[in-house]
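Could you put together the complete structure from these sequences and hints?
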Amino acid sequence: MTGSTKPSLSLGRRRFLQGVGLAGAAGLAGMPFGRAFAAEPEKPTEIIVRAWGGSWADSLKAGVSDPFTKLTGITVRHDLTEDNEIQPKVWAAVAQKRVPPIHINWDTTTNATKSALRGVTEDLSDLSNLAGVTELAKPVGLDGYPIVNTYGYVYVLAYRPAAFPNGAPKSWKDLLDPKFKGRIALYNDGIGFHFPAQVAGGGKLEDIPGNMQPAWDFIAKIKEQEPLLGEDPDFTAWFQKGEIDAACTISTNAREAKANGVDIAWTVPEEGAKYDTDGLWIPKGLPENELYWAKQYINFAITKDAQQVWLDGLGLPGVVPGVNPPADLVGDPSYPTTEADFKKLIRISSKVQVEHESEWFGKFKEIMQG
Amino acid sequence: MRPSRTAYPLSWRLMDALEATAVAVWPRSFAAAVPWLMLLPAVLLVGLLVLGLWDMADGSLRTLDTATFLPSDDYSLRNYDRAFTEKLFFTVASRSLIGSLIVTVITLILAFPYSYVMVRTRSAALRKVLLIALFLPFFIGQVVRAYGWLIILGSQGMVNEALGLVGVAPVRLLYNYPAVLFGLVQYMLPFAVLMLAPALTAIPEEMESAAGSLGANWVKTFLHVVLPMAKPGFIGAGLVVLTLSLTDFAMPAILGGGSQDFIANAIYDQFFRTSDQGMGATLALLLVAVGSMMVGVVFALFGAGTLAMGRAK
Numbered sequence: 001m002t003g004s005t006k007p008s009l010s011l012g013r014r015r016f017l018q019g020v021g022l023a024g025a026a027g028l029a030g031m032p033f034g035r036a037f038a039a040e041p042e043k044p045t046e047i048i049v050r051a052w053g054g055s056w057a058d059s060l061k062a063g064v065s066d067p068f069t070k071l072t073g074i075t076v077r078h079d080l081t082e083d084n085e086i087q088p089k090v091w092a093a094v095a096q097k098r099v100p101p102i103h104i105n106w107d108t109t110t111n112a113t114k115s116a117l118r119g120v121t122e123d124l125s126d127l128s129n130l131a132g133v134t135e136l137a138k139p140v141g142l143d144g145y146p147i148v149n150t151y152g153y154v155y156v157l158a159y160r161p162a163a164f165p166n167g168a169p170k171s172w173k174d175l176l177d178p179k180f181k182g183r184i185a186l187y188n189d190g191i192g193f194h195f196p197a198q199v200a201g202g203g204k205l206e207d208i209p210g211n212m213q214p215a216w217d218f219i220a221k222i223k224e225q226e227p228l229l230g231e232d233p234d235f236t237a238w239f240q241k242g243e244i245d246a247a248c249t250i251s252t253n254a255r256e257a258k259a260n261g262v263d264i265a266w267t268v269p270e271e272g273a274k275y276d277t278d279g280l281w282i283p284k285g286l287p288e289n290e291l292y293w294a295k296q297y298i299n300f301a302i303t304k305d306a307q308q309v310w311l312d313g314l315g316l317p318g319v320v321p322g323v324n325p326p327a328d329l330v331g332d333p334s335y336p337t338t339e340a341d342f343k344k345l346i347r348i349s350s351k352v353q354v355e356h357e358s359e360w361f362g363k364f365k366e367i368m369q370g
Numbered sequence: 001m002r003p004s005r006t007a008y009p010l011s012w013r014l015m016d017a018l019e020a021t022a023v024a025v026w027p028r029s030f031a032a033a034v035p036w037l038m039l040l041p042a043v044l045l046v047g048l049l050v051l052g053l054w055d056m057a058d059g060s061l062r063t064l065d066t067a068t069f070l071p072s073d074d075y076s077l078r079n080y081d082r083a084f085t086e087k088l089f090f091t092v093a094s095r096s097l098i099g100s101l102i103v104t105v106i107t108l109i110l111a112f113p114y115s116y117v118m119v120r121t122r123s124a125a126l127r128k129v130l131l132i133a134l135f136l137p138f139f140i141g142q143v144v145r146a147y148g149w150l151i152i153l154g155s156q157g158m159v160n161e162a163l164g165l166v167g168v169a170p171v172r173l174l175y176n177y178p179a180v181l182f183g184l185v186q187y188m189l190p191f192a193v194l195m196l197a198p199a200l201t202a203i204p205e206e207m208e209s210a211a212g213s214l215g216a217n218w219v220k221t222f223l224h225v226v227l228p229m230a231k232p233g234f235i236g237a238g239l240v241v242l243t244l245s246l247t248d249f250a251m252p253a254i255l256g257g258g259s260q261d262f263i264a265n266a267i268y269d270q271f272f273r274t275s276d277q278g279m280g281a282t283l284a285l286l287l288v289a290v291g292s293m294m295v296g297v298v299f300a301l302f303g304a305g306t307l308a309m310g311r312a313k
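Those protein sequence lines, which keep their order, are chains A and B. No gaps in the numbering here: position 304 of the first sequence is 304 in the working numbering, and each next residue is one more. No gaps in the numbering here: position 236 of the second sequence is 236 in the working numbering, and each next residue is one more.
Derived by calculation from the structure, the hints in this document are not laboratory data. Because the structure is a prediction, the values reported are computed rather than measured. A virtual CB, placed ideally from N, CA and C, is assigned to each residue, including glycine. Among the hints, erroneous ones may be present.
As the list claims (entries may be wrong) - No more than 25 Å apart at the CA atoms, straight line, and that leaves these computed lysine to aspartate or glutamate pairs for DMTMM-like: (1) A:LYS138 with A:ASP126; (2) A:LYS258 with A:ASP217; (3) A:LYS351 with B:GLU161; (4) A:LYS221 with A:GLU288; (5) B:LYS87 with A:ASP332; (6) A:LYS223 with B:ASP16; (7) B:LYS87 with A:GLU366; (8) B:LYS87 with A:ASP341; (9) B:LYS87 with A:GLU355; (10) A:LYS284 with B:ASP65; (11) A:LYS343 with A:ASP332; (12) A:LYS97 with B:ASP74; (13) A:LYS97 with B:ASP73; (14) A:LYS241 with A:ASP263; (15) A:LYS221 with B:GLU86; (16) A:LYS181 with B:ASP65; (17) A:LYS97 with B:ASP65; (18) A:LYS97 with B:ASP16; (19) B:LYS87 with A:ASP66; (20) A:LYS89 with B:ASP55; (21) B:LYS87 with A:GLU231; (22) A:LYS89 with B:ASP74; (23) A:LYS170 with A:GLU355; (24) A:LYS351 with B:ASP65; (25) A:LYS284 with A:ASP126.
Said to hold, decoys possible - Computed footprint of chain B on chain A, listed as stretches where at least three residues anywhere in the stretch have a Cβ under 8 Å from a Cβ of chain B: (26) 77 to 88; (27) 111 to 121; (28) 181 to 191; (29) 222 to 234.
Following this line, the structure appears as C-alpha cells:
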C-alpha cells in the first residue's frame, strides 16, 4: 500500500481546482479536509475497507464509500474477506511490523475489542465528528476510541408468519414446539442467543458471566429441536428455500429476505433480544498519510448524511442524533429509538463477551455437536 | 588433411560447448550427487512443511490470554490437556475418524466396478464416456459440488419435488451425518477410481481366462484372482480417500448444517472464531499425528499398494 500512494505534486491544475472544491464541500459536511489543504498528507490511490458482502457492502458503498471518493478523489475498495479471517492476517502484519492488508476494518465490536485488547488498533479519539455522536459510539470497557461504533443491531426472532397462525411468537420458548423440529436456525457460534437463552432458561442477566447454567439448559432443549446452524447468508437462503420457519438472526438479514420476496416478519420476544454494535477501526502500521485518510473515512462515516444513507440500507439505528429510520422500520422493535425500546433489549459489555467468548463458544458447540 | 566444415557441423560444436560448460559447472566426479540434487525440490518442500509444523508446535504449547489476546510467553501442555479432556473435541474427532472409515469403505466398493468396467471394456466409446465422467468432477470444485447437492436434496429440491409428485411429504435429506458422508463419497469416488484403475490394468486378462479354463466361475475368479491382485490399488485408493476424508472441511460445513463438524471445522473455529491459535495448532498437530499413524499402520500391515510405485514394501 505504501507503494500505491500518488504524490500530490503530480496533480494537474484541473484536479487541483477540483480538489479545492471538494475540500470546500468537505468543510460543509463537517469534515476537516478544508482546514489546511496545503498541509494535507498526500493521498493514497485507494483505501481498502474490509466489509461484509451483499446488502451490507452495497449500503456502505452508497452511504460512505462513494461519497467519500467524490469528496476526496480517493478510490475506496471493499475487501470482502470474512471478519474472522482478516483478523489473524492483520494481527500477523502488526506483529511483524508490516503494512497491514487493509486500511479500515468494518468489524463486530466484539471482534474489534479483541484487536483493541491486543493493541493492534490506532486511537481514533482525535476524530472531530466524535463530538456529535451518541454514547453508543464509544466502546464499553475500553480506554479512548480504539474502535468507533457506528450503529447498533438486534438479534431478533425472525419467523415465517404462515408457520405462526396465532400471531407473532411471544417467547423464545415458542421455538420448543415439536412442530418446529428441524425448522429453526441459530448462528453456528451461538452469538445472539446466549443472553435471551439465559432469561428463557429462568436465569438472570446479572448472573452473566458467573452462572450461565440456565442458558446452557435452554440451549440443550433447543438442541433437541435439531436447529440448523449457519451464518448471515445462510439464514436468508434457508428462509428463501423454505428450510426453516424461525431463526435468531440480525434484523438486517430478515429485512433482506423480505426485500427478496420472502414472507417473513420479526419480533423481540418477552425475554428480550441481544443488542450489539458494529464499528470501524484502523490497524497499526499504516504509513502516516494513509492513516490520516483512513481516519477521515471513519470521520465521514459518522456524519449525519453518511449515516442516513448507509443505515437506511441496513435498516439499523446509527450513532448520530437526527438520523431518520427507514419508513418500513418506524416503530419496529429492531430499530430502537426510545428508552422503552431499549428496555426490551439485552446489552452486555464487549469486554465481558470477549473474555468469555472461547468458553461460551466451546460450551455451545459441545451441546450442538453432541 | 583438414576436415570439412560439414563433417563437424555447427550444432555439434554448440553441443560440445554446452557439454564443456556443464562439466565445468558440475564435474563428472559429482555424478554420485545427481540423485540427491533431483531430490532437492522434495527436500525443500518437506523442509518448509516441517518448519511450519515446528512453528505450530511452538504455538500449541502457548495458551491464549483473553485479557490481551496474546499467546503466553511460557510453555505448557494446557491445550493438549483440553484436546484430550473436552467432550467437544472427542465428539468431533470420533465423528471424523468413523466418518472417514465409512466413506473409505463405501467409496472403494463403488469405485471398483467402475474401474473394472473402464479398464476391461472392449468398447472404446464406453471407455471414453467413463473417462469423461471420471474427470468432469475435477473441473468442478468441492464447494460448488456441495452447493449442487443443496439444490438437489433441499426441502424444495429436485428429489423432494419428485417425491411430492407421488404424494410423499418433503423429507429432510440434508444437514445431517448421512448427508455429509454422501457428499464425501461422491467427492472421493473419482480419486478412488484413478488410484484403482492402474492396479486393475496391471492384472493380465489372461489370468482371468486361465482361472475360467481351470473351472472357476466368475465369482471364484473375482474372489480368488482379481481381488487379491487388485490389493495394491485398494490400498493406494483407500489411503488417499481415508486421509482426504479425515481432513475435509467443506462437506461437513455445507451439508452438515453446522452440527456435523469434522476436526478441520474445529481447527478453523479455533483459529478464526475464538482467535485461539494455540488451540488450533494443537488440534492441527494431533490431526497430522493421527492421520500419519493410520497411514503408518496400513503401510506396516499391507504395504503401500500402488503408492509404492511397483516396488516391494
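Consistency of the hints with the structure:
1. A:LYS138 with A:ASP126: holds, 13 Å
2. A:LYS258 with A:ASP217: violated, 32 Å
3. A:LYS351 with B:GLU161: Not satisfied, since the Cα-Cα distance of roughly 49 Å exceeds 25 Å.
4. A:LYS221 with A:GLU288: violated, 53 Å
5. B:LYS87 with A:ASP332: Roughly 41 Å separates the two Cα atoms, so the pair is violated.
6. A:LYS223 with B:ASP16: violated, 78 Å
7. B:LYS87 with A:GLU366: At roughly 7 Å apart (the allowed maximum being 25 Å), A:GLU366 and B:LYS87 satisfy the hint.
8. B:LYS87 with A:ASP341: It is violated: about 40 Å lies between the C-alpha atoms, which goes past 25 Å.
9. B:LYS87 with A:GLU355: holds, 21 Å
10. A:LYS284 with B:ASP65: holds, 21 Å
11. A:LYS343 with A:ASP332: holds, 14 Å
12. A:LYS97 with B:ASP74: holds, 23 Å
13. A:LYS97 with B:ASP73: Holds: A:LYS97 and B:ASP73 sit about 19 Å apart, inside 25 Å.
14. A:LYS241 with A:ASP263: holds, 11 Å
15. A:LYS221 with B:GLU86: holds, 21 Å
16. A:LYS181 with B:ASP65: Roughly 39 Å separates the two Cα atoms, so the pair is violated.
17. A:LYS97 with B:ASP65: Judged against 25 Å, a Cα distance of about 21 Å means the pair holds.
18. A:LYS97 with B:ASP16: This hinted pair is violated, its Cα atoms lying about 52 Å apart.
19. B:LYS87 with A:ASP66: violated, 49 Å
20. A:LYS89 with B:ASP55: holds, 16 Å
21. B:LYS87 with A:GLU231: Holds, because 24 Å separates the two Cα atoms, which is no more than 25 Å.
22. A:LYS89 with B:ASP74: holds, 24 Å
23. A:LYS170 with A:GLU355: violated, 32 Å
24. A:LYS351 with B:ASP65: holds, 13 Å
25. A:LYS284 with A:ASP126: holds, 16 Å
26. 77 to 88: Check passed, 5 qualifying residues.
27. 111 to 121: That given contact holds, which follows from 5 residues of the segment 111 to 121 of chain A lying within Cβ reach (below 8 Å) of chain B.
28. 181 to 191: That given contact holds, which follows from 3 residues of the segment 181 to 191 of chain A lying within Cβ reach (below 8 Å) of chain B.
29. 222 to 234: holds (count 5)
Checked against the numbered hints above, the structure breaks hints 2, 3, 4, 5, 6, 8, 16, 18, 19 and 23 and satisfies the rest.
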